[in-house]
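Student: Note that the protein sequences, when read in sequence, are chains A and B. Just so it is clear: in the first sequence, position 238 is 238 by the working numbering, and no numbers are missing. Just so it is clear: in the second sequence, position 271 is 948 by the working numbering, and no numbers are missing.
What the hints contain is simulated information worked out from the structure, not anything from laboratory work. Treat the hints with caution; some may be incorrect.
[Unchecked claim] Take a look, some chain A residues computed to stay more than 12 Å from chain B by CB distance:
| no. | residue |
| --- | --- |
| 1 | Ala399 |
| 2 | Thr576 |
| 3 | Glu588 |
| 4 | Thr626 |
[To be verified] Sample of chain B residues facing chain A (criterion: CB under 10 Å; computed from the structure):
| no. | residue |
| --- | --- |
| 5 | Gln718 |
| 6 | Phe721 |
| 7 | Gly895 |
| 8 | Val929 |
| 9 | Ala960 |
[Stated by the list, open to error] So, partial list: chain B residues that the calculated Cβ filter (under 10 Å) puts toward chain A:
| no. | residue |
| --- | --- |
| 10 | Glu730 |
| 11 | Thr785 |
| 12 | Ser805 |
| 13 | Glu807 |
| 14 | Thr809 |
| 15 | Leu842 |
| 16 | Ala846 |
| 17 | Ile849 |
| 18 | Ala921 |
| 19 | Gly924 |
| 20 | Glu928 |
No residue lacks a Cβ here, since even glycine has one placed at the ideal position from N, Cα and C.
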Amino acid sequence: MTVSFLIAMAASYGVGALSALAGARGRFGRGLVAFAAAAGAAAGLALGLTALVSRAPLALSLPGLLPVGGGLALRVDPLGAFFLVVIGFGAIPAAIYGASYSAAYEDRPASLRLLGLMFHLFLLTMSLVPLADNVLTFLVMWEGMSLTSYFLVMTDAGEERARNAGLWYAGMTHVGLLLLASALLLLSGGTGAGAFADLRERAAGLGPGIRDVVFILAFLGFGSKAGIVPLHVWLPRAHPAAPSHVSALMSGVMIKMGIYGILRVALDLMGGGPAWWGGLVLGVGVVSALLGVLYALMEHDLKRLLAFHSVENVGIILIGTGAGLMFHHYGLASLAALGLIGGLYHVLNHASFKGLLFLGAGSVLHAAGTRDMERMGGLIKRMPWTGAFFLVGAMAISALPPLNGFVSEWLVFQALLGGVAVPVPEVAIVMPVAVAALALTSGLAAACFVKAFGIAFLALPRSPEAERAHESPFSMRLAMGLLALACVALGVAPFAVVPLLSAAVAALAGLPDTRAELAAGLSLQAPAAFGRMSPALMALGLALLVGAIPLALRVLRLASRPRPGDAWGCGRVGQTARMEYTATAFAEPLSRVFAEIYRPMRQLSVDFHPGSRYFVQSIEYRSGVTPWFEQFLYRPFLQSATFVAERVRRLQAGSLHLYLLYMAAVLALLLILARWL
Amino acid sequence: MEYVVGGLQAVLALALAPLVAGFVRWLKARLQNRRGAPPWQPYFELRKLFAKEVIVSGQASWLFRCAPYVVFASTLAAAFLVPFILVPGPMDGVGDLLALVYLLVLATFFLALAGLDPGTAFGGMGSSREMTVAAIAEPTIALAIFSLALGAGSTNLGRIVTQALGNPAAAISPGHLLAFAALLIVALAETGRLPVDNPATHLELTMIHEAMVLEYSGRYLALIEWAASLKLTIFLTLLANLFAPWGLATEVAPGALAVAVVSLALKLGLLGLVIAGLETRVAKLRLFRVPELLGVSFVLALLAVTSSFLLR
């Protein structure tokens, strides 16, 4: 049964890739490619769900496909199955959306072909990452996922920005691969046998020093994919550059493979570690969450703003995960499970609302031709469906009840509150700081999405393009609608989701199955009787109240028809878009409050009339945020790399004799070394 | 029976909310040597607003017309979670203190969006400032919740209150007092009182809440004003009943409920006096000094958590 799902998945992606390569174009061709992707994703989703529900791991080995290092080994265990579900869940709407969205590439057949081919290969390799059961399979699939997504980022290779983004992405992802490969090879001890089962056995016998090194390498490697600060720099470049349905996948799904990897290595392969592992993950999570949302606030490119929010949400996921790792060390098993479940719930939620928001941004880009929020406005009237869906996504990401973001943040909060049970006071006292940071993050996220939705969709159009915007085609609306529905369902019915997450977590490092403890009837209950809440009843109450109030007013005959009038403009008649608050103005108070972090730069140049300084001819104002991560962290590194490269280049003189001499010299050196050691 | 009383207390709070707001206004006027409108003036204002014609800007979208209902509904939903006179409330399993705070954020979110919708400069200015204040007040609220939860072992309001009732000495512990001070400052910020916002002026450059709702009229404005006074009542009741829960009814008995109503009235009156006193004594802070005030409240809350952890 499960094997047939796996075959169906691979076959669908294969068919899709081939038909894209064959140059499937037009309505039918694009539909075929999209259908193949959706079918493959559905098969993956089914495979993951069956494995999660049945809880029976399924192992599959195909040594013939990869002749070295143990061959292609796959295994579906609950943890991997959960991430497979996330991939399928995010990929189905993205594929549907792509059917219409890729029409923009019709006049560039090469781009369309590349897009379709890489989209399928990306989905295939990414789906196999959480199924990999040995080091080689894992690394091959990981690199496949990175390379195919690199090509997807480069779909618009004609643009300078896309090429720049691709360069950053390729650089960061390969540094990450290097770190991962060293971590996994260190864990396998160079024995060549890289089966995960062997790794588990070996890890138990390793010294603490080596284990720490493996963990740090793996955390940095996976973290660079997940987009933790300060390794997040590729993310705000690459996500906006890719086509929007690909951005939705990269941001909603791919970066979660980093979370998967951290869980797999730290908890599954190594069986947990000292408390500081969890502390490090938690600390990095806090910093990522705060800096991610702070930078998002200053961003006026809609897709870059969303990309920074991915950094924030990965931070929230890591806060839950880190707390879980920490509690695991102290033997607080059910609290550990709660933290991890909170993190995984947020993984699923982020896939739904970030996918939705990126698709919404894609629709706006499609309709208004710009990603600059200062040129949007009034879109809610021109694109009512997209507006409504985007609003749902904005509410969900701001953690507002009764939508899904609230549920996972509540779980993470509860896990952190449980932190006082930790026997070490220094650790327990750190928890409040994490609680405060998480609260600030969600407050700032709400502010940021008031800005994003309010400036882009409300008020008057700020440019002729926005004025002429139109609603997107049916398949794009369908994809957004599905995700909006998922946001509501995941928010209202956590009692149905938590048992599955509990299954994914239960297998890890001796953690218990807490589903009976956590989900009681319609409500959620944190262990140790901490908090109790029922999102379903809350949603019901809210819906009843929102419905009852207008009804009551009608019954009381107080609901007269509103009369249209003018907005108050201080007595001035006639309103123009230039009177509106802009995105920059909206974020101004927060940019002042957090000036220490932003180090804002302002330039004001005023041209006066030559006759008198009292007549101003033009004023030019520029403002921005200093990207000090890049200035102080990356620039010195890149400069020294360039410096070294310049020097090394002299070695390459083009003379064959010289090269032969190098070889002989190195050989001699190695022989001497071998003799010596 | 419990459910009936539990539901009724929220409706009662809704009915009394304008009185609370009017009472603070009246006290303030008295303290400033003015005669002031009677405490029940807000009821007349609400009736007048409900009867008036609604004028909506031609630029506004459906969101502008839905927002007042969402604001009112979510504030009322939050009120259902508050133990006004009876603990443990029957709604305790529906939502805890975190859910209550996020329901109030939901109201703020829609109000801020509605402020941006008509596309005027004032509305945007109000929204931007409101969200700024709300965001930086959030950590303090979370920490105050943390310190309360530490004492009670739960974030559910009913448990916090029953725990405090069972252990009166905890109410005067340093942790509790610090958390009270922190939450008081936050309550001032969240409900748009001095020194953060001035509920009495419509002066464009200083106002936050009033700027945001400037475009509203008629029944929409009535709903928003009513929700604002309910929010004030909720915050005052939380301050009163979480930190000094005495007098709350623990069972549905006429005598106990009567005592609870009287004690709630007394506590609200006392807190109203505190707020009116504060509002006559302090001047409004510049907008960019507000983060400093909220920073103070954050530090207080952090100290509250630390001390209630160490003195556990």
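Student: For each hint, tell me whether it holds in the structure or not.
Tutor: Status of each hint after checking the structure:
1. Non-interface status of A/Ala399 relative to chain B is broken: a Cβ of that chain comes within 12 Å, the nearest being about 7 Å off.
2. Consistency note on A/Thr576: stated as away from chain B, yet its beta-carbon is not over 12 Å from all of that chain's, at 9 Å minimum.
3. Not every CB of chain B is more than 12 Å from the CB of A/Glu588 (nearest about 7 Å), against its label as outside the interface.
4. For A/Thr626, the requirement that its beta carbon stay farther than 12 Å from each beta carbon of chain B is met, with the minimum near 20 Å.
5. Below 10 Å, beta-carbon pairs count as interface contacts, and B/Gln718 has none with chain A, the closest being about 20 Å; its hint is therefore violated.
6. Hint status for B/Phe721: violated, given a least beta-carbon distance of 16 Å to chain A, over 10 Å.
7. For B/Gly895, the interface hint holds, the least distance from its beta-carbon to any beta-carbon of chain A being 8 Å, beneath 10 Å.
8. Taking 10 Å as the C-beta contact cut-off toward chain A, the hint placing B/Val929 at the interface is violated, the least distance being around 21 Å.
9. Because the smallest distance between the Cβ of B/Ala960 and any Cβ of chain A comes to about 20 Å, over 10 Å, the interface hint for this residue is violated.
10. Residue-level restraint check for B/Glu730 holds (minimum Cβ-Cβ distance to chain A is 6 Å; threshold 10 Å).
11. At a threshold of 10 Å, the smallest CB-CB gap from B/Thr785 to chain A is about 8 Å, leaving the interface hint in force.
12. Hint on B/Ser805 holds. Least Cβ distance to chain A is approximately 4 Å, under the 10 Å limit.
13. The interface hint given for B/Glu807 is met, as the beta carbon of that residue sits about 9 Å from the closest beta carbon of chain A, less than 10 Å.
14. Interface hint status for B/Thr809: upheld, as the beta-carbon distance to the closest one in chain A is roughly 4 Å, under 10 Å.
15. Hint on B/Leu842 is violated. Least Cβ distance to chain A is approximately 18 Å, over the 10 Å limit.
16. Interface hint status for B/Ala846: violated, as the beta-carbon distance to the closest one in chain A is roughly 20 Å, over 10 Å.
17. Hint on B/Ile849 is violated. Least Cβ distance to chain A is approximately 21 Å, over the 10 Å limit.
18. Violation of the interface hint for B/Ala921 is found here, the shortest Cβ-Cβ separation to chain A being roughly 23 Å, above the 10 Å cut-off.
19. Look at B/Gly924: its Cβ only gets to about 25 Å from chain A, farther than 10 Å, so that hint breaks.
20. Annotation: B/Glu928 was flagged as interfacial toward chain A, and the flag is violated, the nearest CB pair being 21 Å apart, outside 10 Å.
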